[in-house]
Amino acid sequence: MPSVSQSVRVKVLFFGRLKEIAGRTQESIDLPAEADIESLFAHYASHYPELQQYRSSLVASCNQEFASWNTLLHTGDEVAFLPPVSGG
Amino acid sequence: MASPSTDITALVHEPIDPVALEGCVRGNADGAIVIFDGFVRDHSKNRRTLYLEYEAYEPMALAKIQEIAAHLHSQFSIHRVAMVHRLGRLEIGETSVCIAVSAAHRAAAFDACRYAIDTLKRTVPIWKKEYFEDGFVWADGELPPVPSATSAVKPAS
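Residue numbers (the numbering used here), protein chains in the order written: chain D, 1 to 88; chain Z, 1 to 157.
Hints may contain errors.
Take a look, some chain D residues computed to stay more than 10 Å from chain Z by CB distance [said to hold, decoys possible]: (1) Arg17; (2) Arg24; (3) Pro32; (4) Ser39; (5) Tyr44; (6) His47; (7) Glu50; (8) Arg55; (9) Phe66; (10) Ser68; (11) Ala80; (12) Val85; (13) Ser86.
Derived lysine-lysine pairs resembling BS3-like cross-links, with alpha carbons at most 30 Å apart [what the hints assert, rightly or not]: (14) D/Lys11 x Z/Lys129; (15) Z/Lys45 x Z/Lys121; (16) Z/Lys45 x D/Lys11.
Derived by calculation from the structure, the hints in this document are not laboratory data. The structure displayed is predicted, hence computed values, not measured ones. Glycine included, each C-beta is placed from N, C-alpha and C at the ideal position.
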């Protein structure tokens with residue numbers, strides 16, 4: 001089968017200091033097919049190098065559930081990068 | 001026994017009234033209510049706090065609070081639960097989170113309330129920004145447990 005260039009479109013949300021580094025609260029982004037949350041984060045870290053230092057102290061969510069970094073993304077997914085939580 | 005549908009779970013931007021919440025969970029079948037009232041302290045690590053700002057991933061935070069409330073019913077012999085967290089700017093002394101649990105007997109109410117606040121602080125996507133005279137910091141927090149990579153979602157095909 002000929003390879004067809006497909007992409008997925010996801011919504012990305014930023015919270016806490018990540019929001020301040022990225023300078024936005026949310027955006028929609030087109031990603032290559034087979035993109036996972038890790039590659040999505042790498043995309044932003046390449047644009048905002050300060051993000052990289054927080055990689056080990058973040059968790060991610062997909063569609064409002066905590067998700068592993070290798071979760072594959074599909075069109076319509078809502079991904080968020082979440083700093084350590086401090087409610088209460 | 002009350003069903004979880006009588007529970008109150010909310011994220012609010014207005015002041016929380018712990019006394020009103022107690023009334024919401026109080027029933028004639030109860031013999032005990034335990035209330036956790038978390039409020040804004042005037043200092044943090046030897047610095048004088050001016051005020052706090054809370055933000056949340058609101059739909060996910062509310063869903064996680066509702067999961068905690070449901071879990072309380074499955075794990076403890078309790079009747080009703082109220083869990084409310086405030087967002088936005090909070091002044092010193094204002095309640096940021098209030099949890100009220102009613103039960104026939106005190107032990108279950110104490111245990112459930114303790115479990116609820118501990119789990120909220122560990123798993124609910126809410127963040128606290130502390131403002132001081134010379135700047136602000138995002139409060140140190142806890143990393144919620146996340147599914148391991150081996151349980152990753154498989155691609156749809």
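Status of each hint after checking the structure:
Look at D/Arg17: its CB is around 5 Å from the nearest CB on chain Z, not clear of 10 Å, so calling it non-interface is violated. The non-interface label for D/Arg24 is consistent with chain Z: the shortest C-beta to C-beta separation is roughly 14 Å, beyond 10 Å. Annotated as non-interface, D/Pro32 keeps its C-beta farther than 10 Å from every C-beta of chain Z; the closest such distance is 13 Å. Distance to chain Z confirms D/Ser39 as a non-interface residue, since its nearest Cβ pair spans about 13 Å, more than 10 Å.
For D/Tyr44, the requirement that its beta carbon stay farther than 10 Å from each beta carbon of chain Z is met, with the minimum near 17 Å. The claim that D/His47 is not at the interface with chain Z holds, since no C-beta of that chain comes within 10 Å of its own (minimum 21 Å). For D/Glu50, the shortest C-beta to C-beta distance to chain Z comes to about 14 Å, beyond the 10 Å cut-off, and the non-interface label holds. Separation of D/Arg55 from chain Z is adequate, the least Cβ-Cβ distance of about 12 Å exceeding the 10 Å criterion.
D/Phe66, annotated as away from the interface, has a beta carbon of chain Z within 10 Å; the closest lies near 5 Å. Under the 10 Å C-beta cut-off, the non-interface status given to D/Ser68 relative to chain Z is violated; the minimum distance is some 5 Å. Not every CB of chain Z lies more than 10 Å from the CB of D/Ala80, the least distance being 6 Å, so the non-interface label is violated. Remark: the non-interface label on D/Val85 conflicts with the geometry, its nearest Cβ contact in chain Z lying 5 Å away (cut-off 10 Å).
Non-interface call for D/Ser86 relative to chain Z: violated, since the shortest CB-CB distance, roughly 4 Å, does not exceed 10 Å. Distance hint between D/Lys11 and Z/Lys129 is fulfilled; the C-alpha atoms sit about 25 Å from each other, no more than 30 Å. The suggested pairing of Z/Lys45 with Z/Lys121 holds, with an alpha-carbon distance near 19 Å, which does not exceed 30 Å. Between Z/Lys45 and D/Lys11 the alpha-carbon distance is near 37 Å, which puts this suggested pair outside the 30 Å criterion.
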